[in-house]
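Here the protein sequences line up with chains A and B, keeping their order. According to full-length UniProt numbering, the first sequence holds residues 1 to 406 in order. According to full-length UniProt numbering, the second sequence holds residues 1 to 406 in order.
In short, the hints are calculated from the structure, not lab data. Cβ coordinates follow ideal geometry from the N, Cα and C atoms, glycine included. Hints are not guaranteed to be accurate.
Quick list of in silico lysine-lysine cross-link-like pairs, DSBU-like style, CA-CA up to 30 Å [to be verified]:
| # | chain 1 | residue 1 | chain 2 | residue 2 |
| --- | --- | --- | --- | --- |
| 1 | B | LYS231 | A | LYS182 |
| 2 | A | LYS231 | B | LYS385 |
| 3 | B | LYS160 | B | LYS231 |
Chain A stretches covered by chain B per the calculated footprint, using a threshold of three residues with CB under 8 Å from any CB of chain B [what the hints assert, rightly or not]:
| # | stretch |
| --- | --- |
| 4 | 343–356 |
| 5 | 384–391 |
There are 2 protein chains.
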Amino acid sequence: QFKIFHAVVSCSMPAEEIESVSLPVGWKSYISPEGRKYYVNTSTKGTTDVCICVCQLHGAMEMEESFDAEGSFDDVSCLSPQSPGSTSPARRQNKEKEIKETKITINCVTFPVSMSAPEQQLLKPSEWSYCDYFWADKRDPQGATVSGFEVLLQKQLKGKQMQKEMAEFIRERIKIEEEYAKNLSKLSMFPMAAQEEGTLGEAWAQLKKSLADEAEVHLKFSSKLQCEVEKPLLTFRGDNFKKDMKKYDHHIADLRKQLVSRYAAVEKARKALADRQKDLEVKTQQLEIKLSNKTEEDIKKARRKSTQAGDDLMRCVDLYNQGQSKWFEEMVTTSLELERLEVERVETIQQLLRQYTTLRHETDMFNQSTMEPVDQLLQSVDPAKDRELWVKEHKTGDLRPVDMDI
Amino acid sequence: QFKIFHAVVSCSMPAEEIESVSLPVGWKSYISPEGRKYYVNTSTKGTTDVCICVCQLHGAMEMEESFDAEGSFDDVSCLSPQSPGSTSPARRQNKEKEIKETKITINCVTFPVSMSAPEQQLLKPSEWSYCDYFWADKRDPQGATVSGFEVLLQKQLKGKQMQKEMAEFIRERIKIEEEYAKNLSKLSMFPMAAQEEGTLGEAWAQLKKSLADEAEVHLKFSSKLQCEVEKPLLTFRGDNFKKDMKKYDHHIADLRKQLVSRYAAVEKARKALADRQKDLEVKTQQLEIKLSNKTEEDIKKARRKSTQAGDDLMRCVDLYNQGQSKWFEEMVTTSLELERLEVERVETIQQLLRQYTTLRHETDMFNQSTMEPVDQLLQSVDPAKDRELWVKEHKTGDLRPVDMDI
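Build out the structure end to end from the sequences listed, making use of the hints.
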């Protein structure tokens, strides 16, 4: 089942050329039961499922009904060389234009269809720029229409969410470090083996103290994590960011809405012109077969109205094109801004995460240095010295016993 | 108030020499009201408070009563040149000996008193060896007598307690490390910013993983702490240690007890001799003043008994001296063993604490290396690449809108 989105196609290529048209990726050609050739975009990634009917007689068609790919085309008001009398004056008018390219309007935005010259160059080749790849609408998994710009916007909002989550992660690390520091600090004050004396006692006391030094290192780490990583992650896009995104969103959406109403005006004007032309045709035919007593005045009037309708159409198409240009410019400007913001986001986060690893390196180094005084004192441990100190304090008497005399 | 510990002094120095005797540290000389000179050890650090009376007529005295430093000496059975008739035959006997040194028996152990030649050299000079400084008993704060050996033994038992407490400290550290590792490991699995993609997403994922790596480093640390520090601290003196200490304790104590009983025998023999001598003296006097009709037979009998008593005394003194020698040898051997054990203890603990610092150094280094892959991936963060990846996946269409034709 394909849904057709107000596809209007103007085609002026001869039948043979249609055969040899190289289709854009994802487009397939089918033949209807009536022998009509039509083209279907079967690509699902970010493109519209649309069925266009390219009339082999270069006619313009409107297809507003949905139909099965292999079903009947009875409802499709589509011209074909095999259907006599289906060549309308409107179609004939278009034929005279002899336009070289194929265009299609989807959701009120007009795109080229074929890949023939002049081929569109990317605005920023090799850059995979936002301004080059988000022109069409797409459908989300629920079936709703999503504009390309919307996709870009969501990406930015998700980026802000990512920042927030990274900051939460850092916060959790900070809590872990503070707990660790607290435990080390407590333990350093426990009285185990406090009675050890001498050089060994000194080394042991320093070893215990080193836990308090380690605790300090980890507290410093957690404190710097907060200032230099967590806080910036939370704040480098301020609250203004969401407001700015909303502004862009509304602005672009408004321009699209305007395009929709201008397109409606075009359609209306087109229909009015067709009616006027048909009226003129009928009246001319009637004159020729002397069907009525219409004077040349009536025909002149009909012709005037027809011309006026033609002018109206031109004006509407003009306004539509202006509106589309405006939207186009805004799209390019804004999508490039979003692109810049995304580069900034990635680079800022890269910076902050590098700061994280720097702080980790620092911490490990400071931690190592807490061992230095311990190593030194352990080096100085001297059992002989400790014995001297202890003996001096605790000796009971150095006179050795002698034989008793009688 | 000084307590006197069965001090028996034999002295054979002329009065003048006594005056010029250089006293050991802490000894002071006093003159009693009767004009007797006596010497008091006022040192409180590990020496006995004893009052000895050195008779200026080189007599031996027993002082068993306690008295005030400035009080009367009426109770002291102490000879002096001023007290006629107090020169007993026993004392005369000692006088004949003309022994050069002054000795004192305290708690049944016999020591030299003066510092005169031949001066005692330390058994192990400059080493502050246990075998040189723990000969005398001391008094603990509660007033109980403690032998020098007991002090050495307590030191060893305390050393075992110190090990145990150090091991407890290491155990607490192990618990802290395991807690820290557990927290880091948990956090590394939290889903924060899991949706970040591209090169930034990779770097972020590695950063999160690095916490699990850190956790492993700390777990390894705690595991090695247990094997290489805690366990050895707990086990390097086995349970046999306390048994060995008890054995030494009992053995040395037994030898002291033996000395006490042999000393009692000496005292008893000495008294018996004095009695026999007095008996002989009385009987001889009686013969001279024809006080009784005692025959020469009686005197011969009395003389024989006196000689026998003299032999008994010699035997007892011999046994005593042998007993003291035995104790002396055991003291030297065992105290040197305790000294060796203490050196071993200090060196072993030094070793184990060095192992602790080595493990800490290792840990900090391993911890640093967990940052390497993170640093590398952060280096590779590329906003342009990430844009390309993301655009390729999420683009909606690269055909730009064109003007609608009329």
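How the hints compare with the structure:
Between LYS231(B) and LYS182(A), the direct Cα distance comes to roughly 26 Å. Compliance with the 30 Å bound is thereby established for this hinted pair. Simply put, LYS231(A) and LYS385(B) have alpha-carbon atoms about 27 Å apart, close enough for the 30 Å limit, and the pair holds. As the CA atoms of LYS160(B) and LYS231(B) are separated by approximately 14 Å, the hinted pair is consistent with the 30 Å bound. For the stretch 343–356 of chain A, the proposed coverage by chain B is satisfied: 8 residues have a C-beta within less than 8 Å of a C-beta in that chain, meeting the threshold of three.
With 6 residues having a Cβ less than 8 Å from any Cβ of chain B, the stretch 384–391 of chain A passes the three-residue criterion, so the hint holds.
In summary, this structure violates none of the numbered hints.
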